[in-house]
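Enquirer: Residues per chain are reported as follows:
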Amino acid sequence: MHMADALVSPAVAGAMYLCSTAAAAYSIKKVRLENDTRKIPVMGVMGAFVFAAQMINFTIPGTGSSGHLCGGMMLTALLGPYASFLTMIGVLLIQCLLFADGGLLALGCNIWNMAFYGCFLGYFLIWRPMQKNGLAKGKVIAASILGSMAALQLGAFSVTLETMVSGITELPFSIFAGAMQPIHLAIGFVEGLITAAVLLFVYEARPEMLDSPQEAKREGRLSFLHTMAVLGIAAALVGGGLSLAASANPDGLEWSIERVTGSTELNAGNGSAYAVAEQIQKSTALLPDYAFKGSESALGTTFSGVAGSIAVLAVCVGVCFGFRFFRRKRQ
Amino acid sequence: MNKLGGAIYEIHHMDEMAEKDQWLNRIHPLVKLILTVCYIAVTVSFPKYNMEGLLCMGVYPIALFILGEIPFRDSLRRLRIVLPLVCFVGLFNPFFERQPVLALGGITVTTGMVSMLTLMIKGIYSVFASYLFIASTSIEKICYAMRLLHIPSVLVTQVLLTYRYISVLLGEANRMMQAYSLRAPNQKGVHFKVWGSLAGQLLLRSMDRAAEVYESMTLRGYCGEFCYAAGTPCRWKDYLYLGGWCAVFLFVRGRSIFW
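So the protein sequences, as listed, match chains A and B. Throughout the first sequence, residue numbering follows my numbering, covering 960 to 1290 in sequence. Throughout the second sequence, residue numbering follows my numbering, covering 52 to 310 in sequence.
Treat the hints as calculated values from the structure; they're not laboratory data. Since this is a predicted model, take the numbers as computed values, not measurements. Note that beta-carbon positions come from the ideal geometry of N, C-alpha and C, so glycine has one too. Don't take each hint at face value.
Not everything, but these chain B residues come out facing chain A in the computed CB check (under 7 Å) [as the list claims (entries may be wrong)]: (1) 129; (2) 144; (3) 174; (4) 177; (5) 178; (6) 205; (7) 207; (8) 254; (9) 305.
Capping the alpha-carbon separation at 27 Å, the derived lysine-lysine pairs in DSSO-like fashion look like this [unchecked claim]: (10) 192/B <-> 288/B; (11) 1096/A <-> 192/B; (12) 71/B <-> 192/B; (13) 1098/A <-> 244/B; (14) 54/B <-> 288/B; (15) 54/B <-> 244/B; (16) 1091/A <-> 988/A; (17) 192/B <-> 988/A.
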């Protein structure tokens, strides 16, 4: 899945370098905060291990072909997300320079596609939640397989997107994605199995080597209020700021309707039910068409964005609390 | 030679080439790094139908292969990794872009064929540029150039250590695989029953080795920061080399834009 330089445009390569640099800078900060001088030699040797282990061919039973280890997912289970991400950067850089496996310009893309998803999403969305209540054999297997499959699927999808945005191929997006995703689903499953076999061996031989989220929990994490504040600010910024750049063109559904009927709005039926429903909507809509009533100002659009974000957030919080309330009641 | 043996050979071979005392090897590593990235960026920025400009960009790898006395055959082997994916992506262009450009004998050349060819040329040039860079610059010098670019020492040290231990662990993995294949003849790859134990053993040994490495580094005064020897500063020849090639790239690229 290593992308060659020819598959990306300089703009896409630059953008992906920025994204990967941001993730790397945050990881470096986190690793420095740990202040564990032992970690850097471990990262170096583990990087070399991933390199060597990826050259071993593991026979897939009944197929005659072979698979390899999923480096990102395995490292994140052993070193945690930040150290593993930096380790993967080193591995990818050396692979690119020494073996022409991936290009120098496309390194930002490759770091994102092959290290970010496995190390961060694999850890925070799969490994940590699954091992929250302690390590177990079944959970190690499930997390390895799921993590590897998710990382490869997202990585393959990113490759498709980056190539399409770069304008390299005339292949339609659906065909390209259709070719990339299924094959990487199978590869992800096999890589997940191999990773699970290795992690299981470590779990049985030296379980203390595996990253335990229970310890991370004790070290402290973002409080609930802190998380909600960050999410709230992000939602307000996106809703308030980016809504100004919202397109005035019809969306996909409106465009399709326009093609069929000649108008972006469907004419309501003649029945009284339609008229009543329309009247209710008109009287209850605070911000019709994402603007103040009887006004077309940009302020109205921004206000709509912020208000909408807050409303969605409030509904989500309400649903979550409701869900927790009923679950506790049932228990 | 198996895959692991091939990788060990490749690393030693590249190390030997980078240690040679030649004019190309003596150019400042930061200059070569910047130039390589610039060359690749300019090459891939050419429009997909601009074959003429792209062919002119070939002057950089050709000149360096000849003047730097770098074996061309070795670089061709590296194309086997890059070309399949590039070809897969470009292969469909002739089917989707059928507008004729010119007729050569009885064959009509379409825009799709041209875009496929330019894509392949871009892939080949960028591989050659990276190869020329690594063949004339050791990994220590690359890490030094990275430090000059203010890349944090955590990352640079990690890259350096990974590289240092790659050949050690490749050797260890190679011995394990040899022992395994002698006990399991006529078997392709590692049987699924020993997937975990084979790679797991290597992993545990690697971790033990990491602990030993850390202890020996600590005994030699390591306290979380690597001390790099003061490198050589850029000389006027380096600036001239950088400026000269940048002018060539800009001229070729600008020519395709303005003329």
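Enquirer: Next step is simple, just say for each hint if it's right about the structure.
Expert: Cross-check of the supplied hints:
no., hint, verdict
1, 129, "holds (4 Å)"
2, 144, "holds (5 Å)"
3, 174, "holds (4 Å)"
4, 177, "holds (4 Å)"
5, 178, "holds (5 Å)"
6, 205, "holds (5 Å)"
7, 207, "violated (9 Å)"
8, 254, "holds (6 Å)"
9, 305, "violated (15 Å)"
10, 192/B <-> 288/B, "holds (18 Å)"
11, 1096/A <-> 192/B, "violated (45 Å)"
12, 71/B <-> 192/B, "holds (13 Å)"
13, 1098/A <-> 244/B, "holds (20 Å)"
14, 54/B <-> 288/B, "violated (40 Å)"
15, 54/B <-> 244/B, "holds (22 Å)"
16, 1091/A <-> 988/A, "holds (24 Å)"
17, 192/B <-> 988/A, "holds (25 Å)"
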